[in-house]
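*Asks:* Each chain, letter by letter, is given below.
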Amino acid sequence: KQEVTQIPAALSVPEGENLVLNCSFTDSAIYNLQWFRQDPGKGLTSLLLIQSSQREQTSGRLNASLDKSSGRSTLYIAASQPGDSATYLCAVRRAGGGADGLTFGKGTHLIIQP
Amino acid sequence: GAGVSQSPSNKVTEKGKDVELRCDPISGHTALYWYRQSLGQGLEFLIYFQGNSAPDKSGLPSDRFSAERTGGSVSTLTIQRTQQEDSAVYLCASSLRQGAIGELFFGEGSRLTVL
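Chains as they are written, first to last, in the numbering used here: chain A, 1 to 114; chain B, 1001 to 1115.
Be aware that a few hints might be false.
[As the list claims (entries may be wrong)] Here are some of the chain B residues that sit facing chain A, going by a computed Cβ distance under 10 Å:
id, residue
1, Val1012
2, Gly1042
3, Phe1045
4, Pro1061
5, Phe1065
6, Val1074
7, Leu1091
8, Cys1092
9, Ala1093
10, Glu1103
11, Phe1105
12, Phe1106
13, Glu1108
14, Gly1109
15, Val1114
16, Leu1115
[Said to hold, decoys possible] Reference excerpt, derived from the structure (chain B facing chain A, CB under 10 Å, subset only):
id, residue
17, Val1004
18, Pro1008
19, Lys1011
20, His1029
21, Tyr1033
22, Tyr1035
23, Gln1037
24, Leu1043
25, Tyr1048
26, Asn1052
27, Val1089
28, Gly1102
29, Leu1104
Simulated from the structure, these hints should not be mistaken for lab results. In this text, a Cβ means the ideal position worked out from N, Cα and C, and glycines have one as well.
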């Protein structure tokens, strides 16, 4: 059974710092990996989707990398801003699919201090 | 529509009452998911619809929970005889199709409070 772990569970950094959030998964037979952010009381907003054949995806100040063989993905946030404060979740889709082929981590709660 | 739409955004009900939560997925999306998120917890899978296939109900926590999807579009999640432990945010997501693209888009959720 796929297990997805996000470390750290919570992170607080001063504004302007570059930071890395980690996502690890136990089964490397994945189809894709998706990063989301969730603001308090809101739904999940898709940030980046990496297909299993890709190594990284970039969107603005965000860069997500994927290393399938080691079961790891990182989300790099450059020049952090207070508006980046949110919970960040990763989700892994198992190759072969099915609804239970999608596994979410518990998220990293990020606070950017002004 | 432009995004996944859920209603109501908030629902407060008394223990024992039935509730219905609605999800309108992005137009053309064939895959639809329901998740539950309890305070401070991760996402708990409930049910999955893919096109005209039989839904995957493996995540429904009890027979008080049911869901349907009419015409391959709008979905309704029904909770009968609600209990306090049903209090959570119920999130709906859709994707263009399961597999090849698979990018998941979520609605804003329906926050259910059972008194």
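*Asks:* Checking against the hints above, which ones are violated?
*Replies:* 1, 4, 5, 6, 15, 16, 18, 19, 20 and 26
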